[in-house]
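Novice: Here is how the chains run, residue by residue.
Protein chains: 2
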Amino acid sequence: MKTFELSKEIIQEISQLISNKKNKEIKKKVKEIHYADLAEIINELNFQESIYLIKLIDSDKTSDVLTELDEDVREKILERLSEKEIAGEIKELDSDDAADILSELSDEKQEKVISLIKDENITDNIRELLNYEEDSAGGLMAKELISVNENWSVLTCLREIRKQAKDITRVHSIYVLNKKRVLIGRLSLKDLITSPSKSKIKEIYIPKVDFVNVNDSADEVAKLMSKYDLEAIPVVNDKTELLGRITIDDIVDYIKDEAEEDYLLAAGISNDVEADDSILELTKARLPWLILGLFGGLGSVFILESFENIMATKELRALFFYTPLIAAMAGNVGVQSSAIVVQGLANDQIKGSLISRLIKEISLTLLNGIILSLIIIVFGLLINQSIDMSITISVSMILVIIVAALIGTSVPIILEKFGIDPAIATGPFITTGNDVIGILLFFYIAKIILGF
Amino acid sequence: MKTFELSKEIIQEISQLISNKKNKEIKKKVKEIHYADLAEIINELNFQESIYLIKLIDSDKTSDVLTELDEDVREKILERLSEKEIAGEIKELDSDDAADILSELSDEKQEKVISLIKDENITDNIRELLNYEEDSAGGLMAKELISVNENWSVLTCLREIRKQAKDITRVHSIYVLNKKRVLIGRLSLKDLITSPSKSKIKEIYIPKVDFVNVNDSADEVAKLMSKYDLEAIPVVNDKTELLGRITIDDIVDYIKDEAEEDYLLAAGISNDVEADDSILELTKARLPWLILGLFGGLGSVFILESFENIMATKELRALFFYTPLIAAMAGNVGVQSSAIVVQGLANDQIKGSLISRLIKEISLTLLNGIILSLIIIVFGLLINQSIDMSITISVSMILVIIVAALIGTSVPIILEKFGIDPAIATGPFITTGNDVIGILLFFYIAKIILGF
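Protein chains in written order, with my numbering: chain X, 1 to 452; chain Z, 1001 to 1452.
Check each hint, because a few of them may be wrong.
Across the chosen pairs, the derived CB separations fall in these ranges [claimed, not checked]:
(1) X:Asp124 - Z:Lys1021: 36 to 46 Å
(2) X:His34 - Z:Asn1237: 23 to 33 Å
(3) Z:Ser1356 - X:His34: 48 to 58 Å
(4) X:Gly419 - Z:Ser1217: 15 to 25 Å
(5) X:Ala312 - Z:Asn1384: 37 to 47 Å
(6) X:Arg162 - Z:Ser1363: 54 to 64 Å
Some chain X residues well away from chain Z (every beta-carbon gap over 10 Å; in silico) [unchecked claim]:
(7) Val30
(8) Asn46
(9) Lys200
Mimicking DSS-like on lysine-lysine, the simulated pairs with C-alpha atoms at most 30 Å apart in a straight line are [to be verified]:
(10) X:Lys223 - Z:Lys1163
(11) Z:Lys1198 - X:Lys227
(12) Z:Lys1008 - X:Lys190
(13) X:Lys198 - Z:Lys1027
(14) Z:Lys1208 - X:Lys208
(15) Z:Lys1200 - X:Lys31
(16) X:Lys91 - Z:Lys1208
(17) X:Lys202 - Z:Lys1029
It is worth saying that the hints were derived from the structure and are not from the lab.
In this text, a Cβ means the ideal position worked out from N, Cα and C, and glycines have one as well.
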C-alpha cells in the first residue's frame, strides 16, 4: 500500500462530480477514500464544494474528516453548519476530538452545541475535557478507556470489556481500579486471555502502572511515552483516581507539531503557518522577525557610521569590506551554538555546569576560528592585502565568534531557566544580536590592534 | 509518575557504590531503575564504571540497556565485551534491536557473534534484517509478530497466539495469512475475544489490511502510520508475503531523530551530533558550514572592494553602512521562504505550480518590503540622511529580498526534484548565497538609481 497521493486529477474529478450534482457517484467514490485523505481533498476544494460534500457524506465519516481538516478550513465549515449539525458530528467522535473541535467555537455556539447533545455521558466528558489546558495531559487525554474492578473475576471482566470496548477503537491496557476508582494497576489483554476464567482480577493484575497527572505538561507526557515506548498512558488526578488515557497517536501528532514549530521558529516564522496560508497570515508570522532584523541592521548603520573617518585611510578601508563576513560568521556560529544547546535541553542532555559548557564552546570555537583564520590569511596573500590587516581581521574574527558562541550557548539556557521556550533563541534573535555585537567588537578590536 | 530526572546525586551514588564494589547494593538499586533510565546513567559514568556495571547486572536488563545507550558509549562498551558476551545479550533482544546493534560491529566481529548464537530462528531473522537498508521499512521492522492461518478455528488460533505471544512484548494486530504465507487480512484481539470459539478465522477476519513493502522508505512508513494513526503495520515483499512488522514506538524515535536532524541542519550542523560529543566530532559537523559562510564572506569582500572608489564621495558612503543590513535581510527572508517550503514539502502540502508559489512569495515579500521600507525612510529622516539615499536603499532592499525569497523558495523545490533532502537548503546554504547575491544586487541597483 502506498501513501495516498493527493493529485490534481482527484480534486478535479471530485469537483466535477459536485458541480454535476452526481450524488450517487460521489458517495461511491468517497466510500473508498480514508477520512484522512478525504480531509486533504476537502482542504483543496473551494468553500461551496466543501460544504456540499460535507453535507452529503455520512455523518460518521464527516465527523472523522472534521478532525483531520486544516484548522482554517474547519473553522469556515463549522461556521456554515448549524448547531444541530455540529452536535450530530460531535456525538460520533471520541471525547478528545470532540473537545478539540468544540474548543474552536465561540463560547455561545459551544454551549448551544453541547445543550443539543442529549447523552449526559458524552456532555459530562466533553465539559470536563474543555476545562483542561491545551498543552497539558488533560488537554491530550480522552475519556474512553477500559477499566475493571480488582474484585471482578476474569469472566466478569471479559463481559465488561466487551461492553466497554464497543465505544473504543483500540484496546491498549485494561486499567485496574479499587472500589474508590483509584488506579492500582493494569491488565494486558494477553494476560487476560491466558488466565483461567475464574481467577479474580486482584490475583492476576500487574500492580506496576505508569501514569501521569492531569496537570502534567504535554511535553513531559510526550517524553515519557516515547522514552518508555508506551502506547497509552492513564491520566489521574491528585488522588490517583483514573480520569482518562492518552494514546500514542496523539503524541505522534504532538511531537510532529512541536518539531515543525521549532523548525519554523528557528527560521524566523512564529505562529503555526503553512505554505498555503493567506499572505496576511504569513506576514503576521514573518514580518515581526524581519523588523527585528531590520533594527539590528539599523544598529549596524550607527556603528559603521561612527567609524566613517577611517574611510579616508586607504589601508583601513578593508575593514568595511570584511564587515559582512564578520557579521555572517558571528551569526552562523551563534546559531550553531544555540541550536545544539536547544536540542540538548529538549532531550535533557545538558548536564554539567554552564561554566563547563561555555569552556567547551570556547575551545571548539577557538579551534574552528584558527582554521578559518588560516583561510583568511591565505586569501589576504592572494589579494595582496597587508599581513597586518589579515592578522587583525583573523584575530578579531576569532574573538567575535567566541563571543557569538558564548551568547548562543547561554541565551537558551537562561531562557529555559526563566521558563521561556529556548527555541525562540535560535534564529533571528541570535543572528541579529550577534550581527550587531560582532560588527561592534570587530571595529573596536581592530582599533586596538591597528591603533587608529 | 514523573519522568525520571537524571541527577548528579544518583550518578555519584552509583559511582560510589561501584568504587566500593558493593555489588549487592548495586543490584538492588539497579532493579528499581527502568532500563532506559539506567542507560542515561551509564552514558554519564566513566568507562571503567560502565563496564563494571554492565557486567554485573542481569543479562535481560543489560541487553535492553544496550539498545538505549548513546551510540558512542555503546560502541566503546561493545569493544570491551567478548563475542560470547555480546551473543548472550543479542539473544535476549527483539530481532530489530539485535540487528541494529550488530550492524554497528565490524563485519568480522558481527559474523563471530552470529555464529555463537545457536538458535537458528534467531540467526536467520537477524541475517535477513541485516540485509535491509537502514532507512527502509526493512530496516525498521522486527520479525516478531503474531500470524494465523485463515483455516484455523478461533480455538486453535487462541492456542497458537499464546505460543507465539511468549516472544512478543506487545500484541497489536494478528495477521491472517493464506497457506502461501500471503498476507490477506487481520484480526483484532478484541474481535477474537468476542467470537465463538468454533468459528473459522476465514469467517471472522477483516480482509482490509494496510501494509508496506519491505523496500519502502522509512519516511513513507512514518507518514503513513502517523496519518492513519496506526500502531503497527505489517511489512511484505513483492509477492505480499508477510516478512515482519513495524511498531509505532520505532516510528516515534524515527520522527524525533529526523526532526532533530533537520533542525540542526538548518542551523548549519550536519551529522548527528549532540552537545556532549567530543570537540573533534562537533568540529566535523560544524566547520564545513562555517567554511562555506567564510567563502561567502570573502566573495562579499571582492564585491565591496570593487566599489571602493565611491568611498571618496561622502554622500555615497552610506551604502557601505547599510551593507550588513541588506545582507541580513536577504538572509532572513531567504531562510523564511525556504523553511516554509521545506516544511510544506515534508507534509506533502506544496500543491499548485512553482510559478504560482513564486508569485505568492513575491507579493508577500513586496508587502513586507514596503512596510520595512517605511521604517528605513523614517530612520533616514531621523539621522538626517538624504531622502534620495533612503529611497535608494529601500528600493534596493525590496528588490534584494524579493530575489532572496525567490531563491529561498525555488532551491528546496529544485533539490527535492533531484532527490536531494531539501532541508539542506535552509540554513547556511541559503543565508550565504543570499548574503553575497544581496550585496551584489544592492550595489548595482544603487548604481543604477544614483547613477555613480
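Novice: Could you run down the list of hints and mark each one as holding or not?
Specialist: Here is how each hint holds up against the structure:
no.: 1; hint: X:Asp124 - Z:Lys1021: 36 to 46 Å; result: 58 Å, violated
no.: 2; hint: X:His34 - Z:Asn1237: 23 to 33 Å; result: 24 Å, holds
no.: 3; hint: Z:Ser1356 - X:His34: 48 to 58 Å; result: 28 Å, violated
no.: 4; hint: X:Gly419 - Z:Ser1217: 15 to 25 Å; result: 39 Å, violated
no.: 5; hint: X:Ala312 - Z:Asn1384: 37 to 47 Å; result: 21 Å, violated
no.: 6; hint: X:Arg162 - Z:Ser1363: 54 to 64 Å; result: 59 Å, holds
no.: 7; hint: Val30; result: 16 Å, holds
no.: 8; hint: Asn46; result: 14 Å, holds
no.: 9; hint: Lys200; result: 19 Å, holds
no.: 10; hint: X:Lys223 - Z:Lys1163; result: 33 Å, violated
no.: 11; hint: Z:Lys1198 - X:Lys227; result: 41 Å, violated
no.: 12; hint: Z:Lys1008 - X:Lys190; result: 39 Å, violated
no.: 13; hint: X:Lys198 - Z:Lys1027; result: 37 Å, violated
no.: 14; hint: Z:Lys1208 - X:Lys208; result: 36 Å, violated
no.: 15; hint: Z:Lys1200 - X:Lys31; result: 28 Å, holds
no.: 16; hint: X:Lys91 - Z:Lys1208; result: 26 Å, holds
no.: 17; hint: X:Lys202 - Z:Lys1029; result: 28 Å, holds
Checked against the numbered hints given earlier, this structure breaks hints 1, 3, 4, 5, 10, 11, 12, 13 and 14; the rest are met.
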